[in-house]
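Engineer: Sequence:
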Amino acid sequence: NGIPSYNAWWVLNLCTYCKFTGKKDYFNENYDYVKFIVDEFDACISDDGNMDFKKTGKGCGMEFFLDWPTLSTPDKVPGTALILIYALNRLIELGYNAELAEKAEKICKKLSKYVRVESNAKQVVALQVLCGNRDKALLDKLERGGAAGVSTFMSYFILKALDALGSEKTFDVAKDYYGAMLDRGATTFWEDFNIEWLGGSG
9 NGIPSYNAWW VLNLCTYCKF TGKKDYFNEN YDYVKFIVDE FDACISDDGN MDFKKTGKGC
69 GMEFFLDWPT LSTPDKVPGT ALILIYALNR LIELGYNAEL AEKAEKICKK LSKYVRVESN
129 AKQVVALQVL CGNRDKALLD KLERGGAAGV STFMSYFILK ALDALGSEKT FDVAKDYYGA
189 MLDRGATTFW EDFNIEWLGG SG
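Residue numbers for the sequence shown follow our numbering, so the first one is 9 and each next one is one higher.
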């Protein structure tokens, strides 16, 4: 669909499934496609961490995409890099294939500058935390404004990062964010929701 980061999400989902089910055979069934994705990422990322997914020769409708709130902002670039790092780290941790793990480590090293790039977007900051940056200043960024800046798609990662940094406000953020949807009559969680939209809404 022209969104390279979705390949990272697919790898992440596969690794998560295999981790919790232990179905290594299922991973092996999908090995060729995982390798194809990892090889494409490697070819599209230069040694200095710059990403050019057009090198695949395929159309990119949204070359850099993390979630809707960051789509039209500079944060979409580090956000894309960080979801690649996060997914590839899960592949490394799975430990099913040494060759893939070695290439994944190489890609993560090339993208490592994004783990400490300056950003105030909670989605990006959360991924930085989950990719190894434990700078205490990031906790202030994640806690600032409570549920403001949280997005539906990335809420799990924001809550997970808050917990990883020892926040005492994790539950409050979850309650305020999802509670606001429920207060507005939601029967399922909306694809996109900003807590700041509540003012004047019905």
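Just so you know, the hints here were simulated from the structure itself, not pulled from any lab data.
Just so you know, even glycine gets a beta-carbon here, dropped at the ideal spot from N, CA and C.
Where hints are given, some of them may not hold.
DEER-style ranges, computed between Cβ atoms [unchecked claim]: (1) 172 to 121: 27 to 33 Å; (2) 177 to 66: 38 to 44 Å; (3) 41 to 184: 37 to 43 Å.
Engineer: Each of the hints needs a verdict: does it hold here or not?
Structural biologist: Hint by hint, here is what the structure shows:
1. Between residue 172 and residue 121 the CB atoms are about 21 Å apart, so this pair departs from the stated range of 27 to 33 Å.
2. Distance hint for residue 177 and residue 66: a CB-CB separation of about 42 Å, consistent with the stated range 38 to 44 Å.
3. Roughly 40 Å separates the CB atoms of residue 41 and residue 184, a value that falls within the hinted 37 to 43 Å.
Violated hint for the displayed structure: number 1, the only one.
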